[in-house]
Amino acid sequence: MPEKEGRMNIIIIVSDTLRRDHLGCYGNKWISTPNIDKFSKISLVFDNAYIGSFPTVPHRRDLFTGRFIFTYTDWSPLTSDEIVLSEMLQPHGYLSMFIADTPHTTAPGYNYQRGFSAWIRIRGQEGDPITTEPTDIELPCAPEKLRNPVRVKQMLRNNLLRKSEEDYFCAQTMRQACMWLEKNYKEKFFLYVDTFDPHEPWDSPHYYVDMYDKNYDGEEIIYPVYGPCDYLTKREIQHIRAHYAGEVTLVDRWVGRLFQKIEDLGLLENTIVVFTTDHGFYHGEHNLMGKSIITEKHQGLAPLYEEVTHIPLLMYIPGVKSRRIKPIVQVPDITATILHFAKVKDQSQINGKSMLPLIEKNKKIRNYAVSAPSIIYGSTGGQKVTITDESGWVFIYGLEISEQKEFITRIVDGEVRIQKPLSRNLEPELYYLPEDPEQKKNIFSKNKEIAKKLHLKFLDFLKSVKTDEKIISMWSQLMY
Numbered sequence: 010m011p012e013k014e015g016r017m018n019i020i021i022i023v024s025d026t027l028r029r030d031h032l033g034c035y036g037n038k039w040i041s042t043p044n045i046d047k048f049s050k051i052s053l054v055f056d057n058a059y060i061g062s063f064p065t066v067p068h069r070r071d072l073f074t075g076r077f078i079f080t081y082t083d084w085s086p087l088t089s090d091e092i093v094l095s096e097m098l099q100p101h102g103y104l105s106m107f108i109a110d111t112p113h114t115t116a117p118g119y120n121y122q123r124g125f126s127a128w129i130r131i132r133g134q135e136g137d138p139i140t141t142e143p144t145d146i147e148l149p150c151a152p153e154k155l156r157n158p159v160r161v162k163q164m165l166r167n168n169l170l171r172k173s174e175e176d177y178f179c180a181q182t183m184r185q186a187c188m189w190l191e192k193n194y195k196e197k198f199f200l201y202v203d204t205f206d207p208h209e210p211w212d213s214p215h216y217y218v219d220m221y222d223k224n225y226d227g228e229e230i231i232y233p234v235y236g237p238c239d240y241l242t243k244r245e246i247q248h249i250r251a252h253y254a255g256e257v258t259l260v261d262r263w264v265g266r267l268f269q270k271i272e273d274l275g276l277l278e279n280t281i282v283v284f285t286t287d288h289g290f291y292h293g294e295h296n297l298m299g300k301s302i303i304t305e306k307h308q309g310l311a312p313l314y315e316e317v318t319h320i321p322l323l324m325y326i327p328g329v330k331s332r333r334i335k336p337i338v339q340v341p342d343i344t345a346t347i348l349h350f351a352k353v354k355d356q357s358q359i360n361g362k363s364m365l366p367l368i369e370k371n372k373k374i375r376n377y378a379v380s381a382p383s384i385i386y387g388s389t390g391g392q393k394v395t396i397t398d399e400s401g402w403v404f405i406y407g408l409e410i411s412e413q414k415e416f417i418t419r420i421v422d423g424e425v426r427i428q429k430p431l432s433r434n435l436e437p438e439l440y441y442l443p444e445d446p447e448q449k450k451n452i453f454s455k456n457k458e459i460a461k462k463l464h465l466k467f468l469d470f471l472k473s474v475k476t477d478e479k480i481i482s483m484w485s486q487l488m489y
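For the working numbering, add 9 to where a residue sits in the sequence shown, where the first one is 1.
Quick caveat, the hints were computed from the structure, so don't treat them as lab data.
Mixed in with the good hints, there may be bad ones.
FRET-style restraints, in silico, Cβ to Cβ [what the hints assert, rightly or not]:
hint	residue 1	residue 2	range
1	Tyr81	Arg332	34 to 40 Å
2	Arg332	Ile92	29 to 35 Å
3	Pro149	Glu447	36 to 42 Å
For glycine and all other residues, C-beta sits at the position ideal for the given N, C-alpha and C.
All chains, please: the whole structure from these sequences, using the hints.
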């Protein structure tokens, strides 16, 4: 194994909101992703990688801390008592760099760049206010179809500063990563690269969209309202999928530039390269658009189905032969594995499990995955937990609404919201993926014993990561 050669360099690349089933290496037949597919041929391809904490910022916190943070907090800044990956690596001589266009992790006070030797944020994504001109901006569709018209106007204003494809956010991020590697490839380093694409608002050059839907003449709904998609026509949903596909291809093209730079600099001999995402997105599946429901009465209400929880994970390790890996892994396991190859012995603060037994001997490290938004508020607002086991059973459940409470949270998307309680209980959902991969047939009522076993696994999980007893007690109830 490469560990005998000394500590590995480390590169982690995160592409936000990238659906696993939109990549050729995971079976997609209609979207062009040649560079990621090429990288998969020299990498370990994890077929059952699942998110832990949901969504954007909680995922990064899982990755940086190696913990399942949904068990004790929500979308929030790093706290001073949390040791992050860059800080764990620093005593071992790693030069580290953080390069990102994702706006949330470096928002004021969030400090996810903490511990890095240096960091660069590419400004302008998702309505980041980098310019005030021009003040008069025309929206591409009816404002009621947009999740946030103000953000869209700001994004369109920002985009007027572009001159070519190289100025798009993903392109800028990957170019910065390439330039940093050119100057530092001889060092022992940790490079973290994070692009917000293909997260909406979708704004790839229109020739990418035309690759998938050239003759559309309707409204350009580039930042759709999250929730039930009854407000959209089938044709509009089709074009939304084309926008997303175009942005996936844009990401592939520029991530490919970074992959090529890694190869050109000879870094495949001594560098672990990880490519992954934080979660997926609904494009009409389950009659949903987005990944949660952001309305006054139902903030956060959206079950986490396979389209969101089941993510791509590619890992290149020098000296390890490319192959597909079937057993379940989760995001904190990436952290534990990196620490292993960096020869960091003290992993007492993390929940992740090193994937080395899986990589060396195909020995599974998990029997099931738990994916969830923050559980510290119970199911107020509709939060549900998803438990996926190795045989293909998926149990999605929330708590009985026994106490009508309101919470001020950032749980949905980082914005301060009053989390209002639902007026009804949440229906438990149970699916068997081998027979129902699209999760259309809820078979909970006929298989309650299986649901009960999965619920017990969830409680065991909470205990194993030392969740507060009050939270464990709250989630011990199971509605029948």
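Name the hints, by number, that the structure is in violation of. The structure breaks only hint 3.
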